Amino acid sequence: MTRSRLLVGLGVCCLAYLAAALRLPLFDDFNVPAAGFVPTLVALGLVGLIGLEIGSTWGDRSISSVPAGTHRFVLEGTGLVGTAWLVGTVPAVLLFLFFAPKTLGRHSRIERGLLAIGLTTFVVIVFEVWLGVRLPTGLWSRLV
Amino acid sequence: MEVFVPLLDGFTVALTPLNLAYLSAGVLMGTVVGILPGLGPTAGIAILLPATLNVEPVTAIMMLAAIYYGAMYGATITAILINTPGVPAVMASTFDGHPLARQGRAGAALVMQAVASFTGGMTGLLLLALLAPFATTLATRFGPPEFFMLSAAGMLAIGAILGTERRSGILSALIGFALATIGLDVGSGQPRFTFGTAELLAGVPFIPLAIGVFGVGEILSATHEGGTRETNDRGARDSGGELPTKDEWAESRPAMLRGSAIGFLIGVVPGVGATLASLLAYGVEKGRSTSPERFGAGAMPGLAAPEAANNAAASGAMVPLLMLGVPGSAATAVLLGALLTWGLVPGPLLMTENPDFAWGLIASMALGNVALLAVSLGAVRVFAKIAQIPRGVAAPVVIVLCVVGAAASAGTFGMTVMWAGGLLGFAMKRFGFSTPAMIIGFVLAPLAEDSLRQTLVISGGSPAIFMERPVALLIGLLTLAAIVRGPLRASLPKGST
Amino acid sequence: MIPPTYLRRLLATFAVAGVVGCSGETVDRDAGAYPAERLRWTIPFGPGGGNDRMARTLIDIIDLYGWYPEGIEPSNRVGGSGAQGWGWVFARRGDPYQITTISGSFLTLPFQAGVPWTPSDFTPVALMASDDAILVVGSDSAPATFEAFLRSARDGPVAVGGVGALNSDVLTLRGLAREAGFTLRYVSFNGFGALSSALLSGAVDVVVTSPGEAIGLLRAGTLRGIAYAGAVPPAWMSDVPTFEELGYGGVVVSMPRGVVLAPEVEPAVQEWWIDTMRRVAATPEWATYLESAGLRREEVYGEEFGRALARLGRVFQSANEAEGR
Numbered sequence: 001m002t003r004s005r006l007l008v009g010l011g012v013c014c015l016a017y018l019a020a021a022l023r024l025p026l027f028d029d030f031n032v033p034a035a036g037f038v039p040t041l042v043a044l045g046l047v048g049l050i051g052l053e054i055g056s057t058w059g060d061r062s063i064s065s066v067p068a069g070t071h072r073f074v075l076e077g078t079g080l081v082g083t084a085w086l087v088g089t090v091p092a093v094l095l096f097l098f099f100a101p102k103t104l105g106r107h108s109r110i111e112r113g114l115l116a117i118g119l120t121t122f123v124v125i126v127f128e129v130w131l132g133v134r135l136p137t138g139l140w141s142r143l144v
Numbered sequence: 001m002e003v004f005v006p007l008l009d010g011f012t013v014a015l016t017p018l019n020l021a022y023l024s025a026g027v028l029m030g031t032v033v034g035i036l037p038g039l040g041p042t043a044g045i046a047i048l049l050p051a052t053l054n055v056e057p058v059t060a061i062m063m064l065a066a067i068y069y070g071a072m073y074g075a076t077i078t079a080i081l082i083n084t085p086g087v088p089a090v091m092a093s094t095f096d097g098h099p100l101a102r103q104g105r106a107g108a109a110l111v112m113q114a115v116a117s118f119t120g121g122m123t124g125l126l127l128l129a130l131l132a133p134f135a136t137t138l139a140t141r142f143g144p145p146e147f148f149m150l151s152a153a154g155m156l157a158i159g160a161i162l163g164t165e166r167r168s169g170i171l172s173a174l175i176g177f178a179l180a181t182i183g184l185d186v187g188s189g190q191p192r193f194t195f196g197t198a199e200l201l202a203g204v205p206f207i208p209l210a211i212g213v214f215g216v217g218e219i220l221s222a223t224h225e226g227g228t229r230e231t232n233d234r235g236a237r238d239s240g241g242e243l244p245t246k247d248e249w250a251e252s253r254p255a256m257l258r259g260s261a262i263g264f265l266i267g268v269v270p271g272v273g274a275t276l277a278s279l280l281a282y283g284v285e286k287g288r289s290t291s292p293e294r295f296g297a298g299a300m301p302g303l304a305a306p307e308a309a310n311n312a313a314a315s316g317a318m319v320p321l322l323m324l325g326v327p328g329s330a331a332t333a334v335l336l337g338a339l340l341t342w343g344l345v346p347g348p349l350l351m352t353e354n355p356d357f358a359w360g361l362i363a364s365m366a367l368g369n370v371a372l373l374a375v376s377l378g379a380v381r382v383f384a385k386i387a388q389i390p391r392g393v394a395a396p397v398v399i400v401l402c403v404v405g406a407a408a409s410a411g412t413f414g415m416t417v418m419w420a421g422g423l424l425g426f427a428m429k430r431f432g433f434s435t436p437a438m439i440i441g442f443v444l445a446p447l448a449e450d451s452l453r454q455t456l457v458i459s460g461g462s463p464a465i466f467m468e469r470p471v472a473l474l475i476g477l478l479t480l481a482a483i484v485r486g487p488l489r490a491s492l493p494k495g496s497t
Numbered sequence: 001m002i003p004p005t006y007l008r009r010l011l012a013t014f015a016v017a018g019v020v021g022c023s024g025e026t027v028d029r030d031a032g033a034y035p036a037e038r039l040r041w042t043i044p045f046g047p048g049g050g051n052d053r054m055a056r057t058l059i060d061i062i063d064l065y066g067w068y069p070e071g072i073e074p075s076n077r078v079g080g081s082g083a084q085g086w087g088w089v090f091a092r093r094g095d096p097y098q099i100t101t102i103s104g105s106f107l108t109l110p111f112q113a114g115v116p117w118t119p120s121d122f123t124p125v126a127l128m129a130s131d132d133a134i135l136v137v138g139s140d141s142a143p144a145t146f147e148a149f150l151r152s153a154r155d156g157p158v159a160v161g162g163v164g165a166l167n168s169d170v171l172t173l174r175g176l177a178r179e180a181g182f183t184l185r186y187v188s189f190n191g192f193g194a195l196s197s198a199l200l201s202g203a204v205d206v207v208v209t210s211p212g213e214a215i216g217l218l219r220a221g222t223l224r225g226i227a228y229a230g231a232v233p234p235a236w237m238s239d240v241p242t243f244e245e246l247g248y249g250g251v252v253v254s255m256p257r258g259v260v261l262a263p264e265v266e267p268a269v270q271e272w273w274i275d276t277m278r279r280v281a282a283t284p285e286w287a288t289y290l291e292s293a294g295l296r297r298e299e300v301y302g303e304e305f306g307r308a309l310a311r312l313g314r315v316f317q318s319a320n321e322a323e324g325r
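Protein chains in written order, with the working numbering: chain A, 1 to 144; chain B, 1 to 497; chain C, 1 to 325.
Next comes chain A alone, as it looks inside the complex (with noise of 0.2 Å):
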């Protein structure tokens, strides 16, 4: 992905905003700013600091794309976020500990297994047990 990629996406995400900004009232009865009036502002703002970036920094790749690597950090952390909305944190968790530190360096799968069992273990008892705090336990868990 290039930056100017980037900021032509986050232009179009601005123009959405401004549209729907229009559709909020500017003013009320009093003459006094109302709901859309900040918004309206801040995206016509957006607009055109987007703009002038485009236009002053157009094509320039000194920036290239993320390598390997990142990716799929990113694509397990995605994972770990996608595997808790299906089957629950606290799996999802236990998949991702002994699945990412492979990607980040040279670890065992012994390392890897007590690091996965050890931090899940302790996520449930300082969160589940002493906080009473309920982690997401997922789509899956509704249907059973």
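Hints listed in this document are in silico derivations from the structure and should not be mistaken for laboratory results.
Check before you lean on any hint, since a few could be wrong.
Claimed, not checked - Computed beta-carbon distance windows for the label pairs:
#  : chain 1 : residue 1 : chain 2 : residue 2 : range
1  : B       : Pro-470   : A       : Cys-13    : 36 to 46 Å
2  : B       : Leu-477   : A       : Cys-13    : 36 to 46 Å
3  : A       : Leu-86    : B       : Asp-9     : 55 to 65 Å
4  : B       : Asp-356   : A       : Leu-41    : 44 to 54 Å
5  : B       : Leu-18    : C       : Thr-283   : 26 to 36 Å
6  : B       : Thr-137   : A       : Leu-86    : 54 to 64 Å
7  : B       : Pro-470   : C       : Glu-291   : 52 to 62 Å
8  : A       : Ser-56    : C       : Arg-314   : 55 to 65 Å
9  : A       : Phe-99    : B       : Asp-356   : 50 to 60 Å
10 : A       : Leu-15    : C       : Pro-157   : 31 to 41 Å
11 : A       : Leu-44    : B       : Val-5     : 58 to 68 Å
12 : C       : Glu-37    : A       : His-71    : 49 to 59 Å
Source: prediction; values computed, not measured.
Ideal placement from N, C-alpha and C gives every residue a C-beta, glycine not left out.
Starting from the known structure of chain A, arrange chains B and C on it as the hints suggest.
Only chains B and C this time, still in chain A's reference frame:
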């Protein structure tokens, strides 16, 4: 001096073995809760509140205050070590605290932080004991026009943290602004940009967003910069117990005092509190510095000032709480709830009707500060070691703590916001945008928008109201002066500073 | 005396530190029994406000008598006249561990702010009290009496502050403006903290609030009530005239204070909470709270409460339509 007589009485109320036991337990429990990203002081107090139910009010409030202090301390550790502010108030501590940790100086940063917090807390309490009546008058000078001016001053902090990349910095702040307008509008009760979802009605939640943008964003870009191999430099491994240097102490001492004063004054204003105080203190320090370019790259005063400020603000917040019965923050509101449960009605009559209690509370906050200084200095080595865990292990562990913290604070929706924030933060960092500017914009936008619209409704649309109210005018002029000063300075020839 | 919950938590702390093992923490949790989990009590308004205080009082009473041993976690989800908090609870359909306290705007939001729920979506538990508005002025500000306020309001628009954009306070104010013939310029604040600072700083001269929120300032005389919407003012502010006495009794809309669960919660859980709330209402602590918070006792339970809410909602809606917005 006779002002100190009631304070000494307060100490005799507070200093019993049982109270001290509860105080220590509170500090420890608070620290543990605070370290975990996602559970700030308010959640900490609320969760641990049942533990204080069946004891005397003074003991209970001491423990609650201790939990609060402990949690704030814990949150700062997380902010410094993994760049993840679990509460808005410690956000400014990441600006220089985390760069220090990355340079292998986590130990020094934590020592400085502990001393600055202690200084801020104690100065704040001293000012509280000496100036409570005056501060009460001050607290009653702030209406919507003043809040708006304060939020404008807070925005200056955005300018202060930006380097040369002004345009992309302002762009970042505006992204934060735009995110903050999602949800229900206070002024009209209308939903904005919610796409009809119930989750977004409550707006984008701060904790998951901050955990994502700062914590996950930082991990991802560190992974990225370091490639996929572990390249922890040797220096970081050997210097865990290092202390700040003599020069750093010298330049941080006045920063702490200024931070404490700013913190107390801003803390007194109900509803603005520690976040704005720490941002302003940071901005002032950078503005005054003869070498502002070191800020954001690990300057000690840049850590000392906001830390002193947020702790002094916690003391300042006691003024509206005790003297007016007006809670300034979620945490003081929990204290207020506790007070009311015990049949104590905070307000102008509290100091005369229940002086023992009020002064006992103030004394216990002082004791809490002392206990915390002891705990934190003792624990520096342990926490500094955390900074040396190889990244292959540390990065996944931090990601897990971020996910779990976000889930604990806002469920699966929180996790989603957190991860999206993380990717956004990574992309922004990578392409030269400023994530702190974005989060400051996000935090200050609601205050600015609500107070602006309230002001204009009151005045019937006329901006002249800002000129007619002396405090608003004063803050406005100071802000303006600070804006003008920067470019003036920059236009001076290089050698003249 | 150290409470048992404290000991348990301390034990758990040690377990975390690895000093002792986790000692059968989950054994006492029966599968089918309610409650089996920590309860999330959503407070849709700012800390220290009326809704917040009532929720926390209820929680404290329940904790005090040990009626909910798994623990209750209050959480403030502030914004948009309460819609953020109730929106959160609404999204937790069928979850028996999500409860919330309602206020007047619970009824007005569905038709005024386009929120995706109506009061009938929630599982009704109990109406516990009614809250009547009070008009409050700073002690040294211009309109010292209700009559003086009316006079200045008729001369030109007067800004009146309040918490929330659309609620019973606003409807009462609008009714008053209509009856007394003045133009209302209403300023919406996010919580009592910001509202009271605005009044104390003289940015607004008059605010509408409930007596319980301003109790400390009212008792000290820092603020003064000029008109109370309820029938009989609490003893500590007996000198404040009522709307009825001032000839505006017809405009009063009171704010229901009650408790509802998330939508579609099982009837057994609903019964459990109705029973618990009956017990809460009978405690001396609750009576003390009502007196000190300036609330009127009013108890309606279960489906009857649900019907009362729907009825009141229609009153709000027609009052709103009469306003032509």
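For each hint, the structure was consulted:
| no. | hint | verdict |
| --- | --- | --- |
| 1 | B:Pro-470 with A:Cys-13: 36 to 46 Å | holds (42 Å) |
| 2 | B:Leu-477 with A:Cys-13: 36 to 46 Å | holds (37 Å) |
| 3 | A:Leu-86 with B:Asp-9: 55 to 65 Å | holds (60 Å) |
| 4 | B:Asp-356 with A:Leu-41: 44 to 54 Å | holds (52 Å) |
| 5 | B:Leu-18 with C:Thr-283: 26 to 36 Å | holds (28 Å) |
| 6 | B:Thr-137 with A:Leu-86: 54 to 64 Å | holds (57 Å) |
| 7 | B:Pro-470 with C:Glu-291: 52 to 62 Å | violated (41 Å) |
| 8 | A:Ser-56 with C:Arg-314: 55 to 65 Å | holds (59 Å) |
| 9 | A:Phe-99 with B:Asp-356: 50 to 60 Å | holds (59 Å) |
| 10 | A:Leu-15 with C:Pro-157: 31 to 41 Å | holds (38 Å) |
| 11 | A:Leu-44 with B:Val-5: 58 to 68 Å | holds (60 Å) |
| 12 | C:Glu-37 with A:His-71: 49 to 59 Å | violated (39 Å) |
When the structure is compared with the earlier hints, violations turn up for hints 7, 12 and for no others.
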